[in-house]
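Letter by letter, the chains look like this.
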Amino acid sequence: MNKQLNDLLEKVRTGTASGDEFRELRRLINDDATGEIIDQVNAFHAQYMEAADYASGYDVAYWHKVVSAILGVDKTGLSDNREAKVIAFSRVRQIRKAMAWAVAIIVCVSVGAYLLLHQRTSQQVAVEQPIKKTDVEAPKVNRATITLAGGQHINLDSLTNGTLVTIGNVQVTKLGDGKIAYRGTSPELIYNTLTNPRGSKVIDMLLADGSRVWLNAGSSITYPVAFNGKERKVSMTGEAYFEIKHDAAAPFKVSRGDVDVAVLGTNFNVNAYANENTIRVTLLEGKVSVNKQSATQTLLPGQQAVVASAINVEKDVDVEAVMAWKNGLFRFKAMDISAIINQLSNWYDVEISFRGPLPEKRVTGYIERTADVSKVLEMLEYTAGIHYTIEGRKIVLY
Amino acid sequence: MQESTLLDDKKLFQAIAEGDEAAFEILFHRYVPKVEPVIRKMVQSDAVAKDLVQDIFLLLWLGRTKLAEVETPANWIFRIVYNRTYSWLERESVQHKNLDQTSIHQQPYSLQTEEHVLFNETSRLVKEAILLLPPQTQKIYRMSREEGLKNAEIAESLQISVNTVKNTLVTAGKSVRVHLEKHGIVVPLIVLTFYVG
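Chains A and B, in that order, give the protein sequences. First residue of the first sequence: 1, per the working numbering; consecutive thereafter. First residue of the second sequence: 1, per the working numbering; consecutive thereafter.
Next comes chain A alone, as it looks inside the complex (with noise of 0.2 Å):
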């Protein structure tokens, strides 16, 4: 074995290697190109491994997800053609508008650099405008802020990774790019509430059990910093998909009003805007059962509950939709005018509204949402004939 290869493969294993080594080793594993690199490290590795490390068992239906969601990567799961068109023309028309603004720009120059010419030294001559075009970007940052019990407030945006607080023995980390973590145990109930506003970017966040929750925009969540052993309550308002860690002995309830989602184990997840009266919850994996007073109905995955007056069930539902706001898009499936409004004002921070009766029309149409609003304006424009016009952070449509 090449001693060089050997020394690094040592450092490594002993958690002494500098970042320079570890460069090194990469750099002759991808330089390999007789296999002979690789079958030492292999050898190395297999000095120390025993019969015991293989005897664990091969959980096949956990492996037979793994591989189903990987082959499942590059495919785009549309099941309509016409989708990918409307892309396509968004784009097309993009460019329209950019030569038209191109042409507008030289027309503009034109004439400027006439007056420039025509003008007298001594007037002040105009400079060209740059020109606005009236948009909204979609939101870059996430801006939540955690509400501790005490009524304190903190901006997460503002703060750098690391611990933010700690409480009792719970510590609260900001992990870097929208992600925060709980960690810790507490006797006591102490509840925080993790605000998302509108206009913000979706926050990832680790509760002290294990279990996680991504916040859309214009959401909200009340939380114990760490729960204590008994039943594990939460409660919420807007939007959220939770991953809960199984705990058979502290059963998981999300509520949100009178309604509440009592988890049996594992992915949901719930929608329940104010300004909306039905509350939606759909089950990825696991089993929960969606209780409001004294009807109760349990979900398998792929339904969603519908609970309006009473709680409906839909079984077979479209999760890619129902999922595409954590995954950065939109993903509309033959879906009514006021819930694409309710979905762009959450997350552009816009007012929106329609001039006269709102048309019965449903959209379908998939975009993602780092596009400005005019690009997903555009796309309904071209499925629904739907017009529209910006001004700041109004929008209305017709």
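If you are wondering where the hints come from, they were derived from the structure by calculation, not from laboratory data. Hints are supplied without guarantee of correctness; some may be wrong.
Claimed, not checked - BS3-like, lysine-lysine: derived pairs with alpha carbons at most 25 Å apart:
| # | chain 1 | residue 1 | chain 2 | residue 2 |
| --- | --- | --- | --- | --- |
| 1 | A | K361 | A | K140 |
| 2 | A | K75 | B | K150 |
| 3 | A | K75 | B | K34 |
| 4 | B | K34 | A | K65 |
| 5 | B | K174 | A | K11 |
| 6 | A | K326 | B | K182 |
| 7 | B | K41 | A | K75 |
| 8 | A | K75 | B | K139 |
| 9 | A | K375 | B | K139 |
| 10 | A | K75 | B | K182 |
| 11 | A | K245 | A | K292 |
| 12 | B | K66 | B | K174 |
| 13 | A | K75 | B | K166 |
| 14 | A | K11 | B | K150 |
| 15 | A | K3 | B | K150 |
| 16 | B | K166 | B | K10 |
| 17 | B | K34 | B | K66 |
| 18 | A | K65 | B | K166 |
| 19 | A | K292 | A | K230 |
| 20 | B | K150 | A | K375 |
| 21 | B | K150 | B | K166 |
| 22 | A | K140 | A | K326 |
| 23 | A | K140 | B | K182 |
For chain A, the structure is supplied; the task is to place chain B on it using the hints.
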């Protein structure tokens, strides 16, 4: 390595290079039990090992067009394994050095979530890249990948040559990889001939 296993693996690689999902699944279930225990030993965490395995096979799948040229599949796979695992270990050691005492014992948690996020992020970027493809390219890509049509069938349907279909698919693959690279995710593509020993 046994001659018969090598031939089997190469056949699988050939099929996977053409987008054969069933072949990918067979390879996956064959290699995960060999690869996961080694990674687990290196990173000392079951959860991190699982996430790394997922990333590694995702990268293999995304770079599948080159698999037909690989001489020794096992080495190709382990090359990705060591690259990703040593990257993870390097990041972890850097993080350890940058933290104060109180946070160190809690580190493994945060790094776990980063790996999970990487998979979701890659997934999002790939879908985004596909939707950004020019209309005709996107159509051909999706007919091939999502409708499972063979190149000849796509050519027939769109009244273009089979070569055009092939070239378009290569272009599409390149665009996706470029988009990923722009966001810091590099798909293993460089094929060196491995010595068959």
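Which of the listed hints are broken here? Of the numbered hints, 1, 3, 5, 7, 14, 15, 18, 20 do not hold.
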